[in-house]
Amino acid sequence: MSAQKPTVFEHEHAGPPSAAAATMIFLALAGLTAMALMIGFLELGALKVWVSLGIAVVQTAVVGVFSMDLKQSDKLTWLVVAASIFWTFLLFLFTLTDFLTRHYFAF
Amino acid sequence: MATSTAHATEGNPPIVAHHFNNLRQQQSSVRFGMWLFLVTEVLFFAGVICAYTCYRIWYPIEFEAASTALNPLIAGINSFLLLTSSFTMSLAIRAAYNGNQPGLKMWLAVTILLGTAFLGFKAREYYVDFEEGLVPSTKTAIVSDHDSYSVLDQHKTVSLFGQKLEHALKEKKYYKEHPEKLKEVDFDRARLFFVFYYSMTGLHVVHMIAGIGLLVWQLVLANLGFFRPQERYVYVEVLGLYWHFVEVVWIFLLPLLYMAGHHSADHLHL
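Protein chains in written order, with this note's numbering: chain A, 1 to 107; chain B, 1 to 270.
Rather than coming from a laboratory, the hints here were simulated on the basis of the structure. Everything numeric in this text was worked out from a predicted model, so none of it was measured. It is possible that some hints are incorrect.
[Unchecked claim] The calculated lysine-lysine pairs, modelled on PhoX-like cross-linking and capped at a C-alpha distance of 25 Å, are:
#1 48(A) with 173(B)
#2 173(B) with 156(B)
#3 48(A) with 176(B)
#4 181(B) with 48(A)
#5 181(B) with 156(B)
#6 48(A) with 172(B)
#7 48(A) with 156(B)
#8 183(B) with 48(A)
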């Protein structure tokens with residue numbers, strides 16, 4: 001068999017996170033979840049939703065990069081993740097620019 | 001690591017399928033396939049969350065009031081159950097990677113148990129919501145209008161859901177301290193929150209049930225020795241990707257649905 005050029009799917013993979021790494025990830029996420037629950041009981045007004053969503057985004061990043069092992073994924077997987085974030089951004093952008101500006105016009 | 005395609009023998013499927021160059025390429029393709037599926041899932045849930053965002057921005061008072069009627073204790077317990085199940089899933093993947101068959105079976109079983117416990121608490125939560133009448137029904141009732149000064153018009157039509165929600169909120173500490181805030185709530189609009197609450201948590205539950213079904217299937221496969229060749233750990237890993245994604249969805253449902261209201265530690269109950 002002649003030597004084939006390695007494809008994007010043939011990069012090195014060092015295996016899933018170890019038990020020690022998984023424990024560290026779990027503890028970090030448990031701390032963030034406790035924080036999210038605590039904020040739910042505080043009266044922060046309009047700031048509350050932003051702080052809560054900020055924690056959710058950090059939690060998602062931890063789950064994605066470490067638990068789902070994006071940190072050693074290939075470029076194509078990162079591209080797929082970036083594309084999903086970009087399409088979600090477009091979905092929100094076009095929907096909200098319509099719905100949130102309707103009251104400026106006398107329809 | 002295998003570099004060529006293995007040949008199948010009867011009852012022993014090949015580890016590397018014939019259309020892959022080598023094991024590494026096959027494993028990466030399996031992972032990539034799951035990531036592509038998860039993109040469709042991201043857009044699926046993003047659509048519902050986007051609709052929620054529009055109405056939350058339009059009716060912030062009603063959404064905060066309706067969220068106050070939900071049960072933050074069950075939501076908190078479920079958050080930790082799901083988080084722990086993600087941890088045990090990671091341990092199952094590691095066990096499969098190390099060829100630790102008893103460990104794989106044990107952690108898959110623990111993950112199934114934790115997922116089932118989540119569903120049990122969820123069922124309890126739905127039951128309590130139903131008992132309190134927090135269902136976005138359009139049913140109405142004719143009641144006496146004591147405030148009416150008219151002799152002819154002594155009855156009025158009221159929303160049953162609105163009455164139940166108002167009754168539930170009057171018991172909450174925040175609305176006892178700020179009764180004027182309750183007067184600002186339009187209970188017909190608050191019904192919209194519960195439409196989102198049931199659809200978003202319901203879709204999440206459907207994903208949980210599918211995930212538990214797949215975990216049971218992998219536990220059966222583990223018992224049959226399917227994962228004995230360590231190279232097959234990647235199938236446990238991709239199910240782990242799905243399970244972690246289900247956790248990410250919950251991470252967003254918690255602040256959007258449960259933590260949007262005015263909760264107090266005085267009203268925590270199961």
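**OP:** Give me the numbers of the hints this structure contradicts, sorted from smallest to largest.
**Re:** 2 and 7
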